[in-house]
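**Q** With chain X's structure known, arrange chain P with the ligands on it following the hints.
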Amino acid sequence: MSEPIIRVEDFTTGYGGKILLKDIAFTVERGEVFVILGGSGSGKSTLLKHMIGLYEPMSGKIVIDGDDIVTADGDARRAILKKIGVMYQSGALFGSMTLLENVRLPLEEYTSLDDEAMDLLARMKLKLVGLESFTGHMPSEISGGMQKRAAIARAMALDPTILFLDEPSAGLDPITSAELDQLVLRLARSLHITFVIVTHELASIYAVADRVIMLDKRTMGIIAEGDPKVLRDTSDNPWVRQFFRREATAEAA
Amino acid sequence: MEEIGRAALIVGRDLRTQIIFVGETAAALWNATRYPQSVRWKDVWYTCEQVGVNALPIVALISFLLGIILAFQSAVPMRQFGAEIFVADLIGLSILRELGPLMTAILLAGRSGAAFAAEIGTMKVNEELNALTTMGLDPVRFLVVTRILAALLMVPLLTLFADIIGILGGALTMLTFNIPIAAFLHEIDSLVDVKDLLAGLAKTPVFAILIAGIGCLRGLQTEQGASAVGISATRAVVSGIILLVVVDGIYAFVYYLLDV
Ligand SMILES: Nc1ncnc2c1ncn2[C@@H]1O[C@H](COP(=O)(O)OP(=O)(O)O)[C@@H](O)[C@H]1O
Ligand SMILES: [Mg+2]
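Just so you know, the protein sequences line up as chains X and P, in that order.
Numbering-wise, the first sequence is residues 1 to 253 according to the numbering used here.
Numbering-wise, the second sequence is residues 254 to 513 according to the numbering used here.
Just some of the chain X residues that point at chain P, by a computed CB distance under 7 Å:
id: 1; residue: I52
id: 2; residue: S90
id: 3; residue: A92
id: 4; residue: F94
Calculated Cβ distances over 10 Å to all of chain X for the following chain P residues:
id: 5; residue: L262
id: 6; residue: R287
id: 7; residue: E302
id: 8; residue: V306
id: 9; residue: I321
id: 10; residue: Q333
id: 11; residue: A336
id: 12; residue: L352
id: 13; residue: P409
id: 14; residue: N431
id: 15; residue: L450
id: 16; residue: E476
id: 17; residue: S480
id: 18; residue: S492
Below, a list of computed lysine-lysine pairs in the DSBU-like style, where the Cα atoms sit at most 30 Å apart:
id: 19; chain 1: X; residue 1: K83; chain 2: P; residue 2: K295
id: 20; chain 1: X; residue 1: K127; chain 2: P; residue 2: K295
id: 21; chain 1: P; residue 1: K295; chain 2: X; residue 2: K82
In short, the hints are calculated from the structure, not lab data.
For each residue, glycine too, the CB sits at the ideal point set by N, CA and C.
Isolated chain P, as found in the complex:
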């Protein structure tokens, strides 16, 4: 009984800080759009480099492999019906609508979400957050807004990049099934629509806010002690990925209802 009460108390407190965090972040983002000169753009560009440019190799590797695996897995059964060419549509649709955005987001949750939590958590343990506060500088504006803006800029671009590399992976694989790249791309072009690309990219701003927001929140929630920063980073990745999958499911449901 007491256990349940204590757990409820903790969940309640967690919920409270999360609501406060969302409110403060929304207010700070709103302020940033009204007074763009108040944003520390130097920090935004630096974070863009960390989140975006430095993630290119891993995003390229994973989406290329994804394209290859998808192609192989579907081409073998399709060949029995002489329908290998339709692999192109399968790959185009699934990568553009689902796998490109989701895989990129999950990679970034592991990479940048954890990094945000660790950076901000270290600053908290080291009293740097207190130092900001007593300088009259709001840690949310200073640390959270810059990271969310950087993610908003980088996640769509990385997703587009992952889409292209993934389809390229599929196209190269299909060469071994005697389908030339030109035919592959032509097939995608005939069945897959710009709408499908946009349906995938439309998820990326929400994914970006989730990844960066949760990373920063977990960082700000860091407790004292030697293992606290590691715990925050882990929590950022776990809750980040869970929320990404849930939100992706909501998108799929809404798209189905709207017949997108």
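The shape of chain X in the complex, shown without the other chains:
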């Protein structure tokens, strides 16, 4: 078996001296779609933000493709950041730029390609997410689902090996959300990109996840790990069962 692409070890963090996640350890394998689950406030976004280097943990390692992002700085950090792409919950597209300019930005900053080549690459990324006819639009002129797809295109600008998605289905209707799931699967299977996704949308979890971990704030740790359908059917942890059974109630609401 090959070396996992992400290895989190002895990871402990929190805010203002208060511990939120304690002694977390897990790995993400190359090419898999890995989902982080948990109730609201369990620390999913916090964990994701540490994995992309925005926050520093109280202790522990987050090794991404061989390098620890916690201790890396300067050029070493930039080298890690080049391998990852992030889609934020709000999309976080730059509002003063067109979609094409948004996707071009990382290329402008990291490559010395000429204008035409950068345009071509950016257009190709937008085509991958089905937005080839919206290159000149501003983010405010397109729908929420399209903004998220554009954000994925921008995250893929430098051909990252790992894509992080924070709550991709938040604020989307079920059909748009399902389309986004299909896009994730297509990119994962055809481009072999590793996905790390934070979500609590069950339909989406079953559709895309190869493996999940579930966080819980009562234990400040991981209470379940594995294939989501197997966990649903076989877990004897009452909190895990409760989470997966929520489906019926969530859909009624």
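**A** Same frame as chain X, now just chain P with the ligands:
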């Protein structure tokens, strides 16, 4: 007691972020002068248009009115002594040395300082700043340097423009006191020196850095929540204007000591 402690803590934290901000900005500006090709000049020109060109009407209006008001207020008492012509010197000196630079700076603090805070604050709330960071791009280089450079280019030019319009306002007003424009300008020329113009313009780079720097800092300090951006914009204007007035006072004191 606890209140005081908490307030001290907040002031301390504020001071800390301000010192870090000043350090990072200075480093980024230094880098920009060493590697000018690393600056996003397209963004600089765009900001110049926002800060400079689009501010022309309001700067023109206010400085023109300033010239008129100054002229009227001083001409009426001066006329009792038959000394209307000296209004020209009064206007020339006060506009070039003090009012032109300060009024322009205060207008821009209200206009562009607030806009910078709101723009950057919105980007922060919308996670765009996080997006920059995870792309390996430094928000200070990306957003602050471009705005400070634009202000450094535009504030001196706008001040010069305000000086000219203000004096023009005064000159036109004095026509009603039977002083021809040529005589007015000649009087200014005889007593007011290029030194006075330069003394005023010498303040503008510092004003520019203050306005843009504080606007950006308040934007970066924006917290989460619906009203956060509005609060940042207000704080940018208030602290911007206070600092402008303080720095202007320091300039006046130094000029007095140096006999400028
Ligand atoms: N920047 C922050 N400062 C202080 N507390 C925070 C911050 N971000 C999140 N928290 C707190 O940490 C807990 C977990 O937050 P989060 O990671 O966003 O949870 P989730 O994404 O699972 O809903 C929450 O109680 C939240 O209030
Ligand atoms: Mg969250």
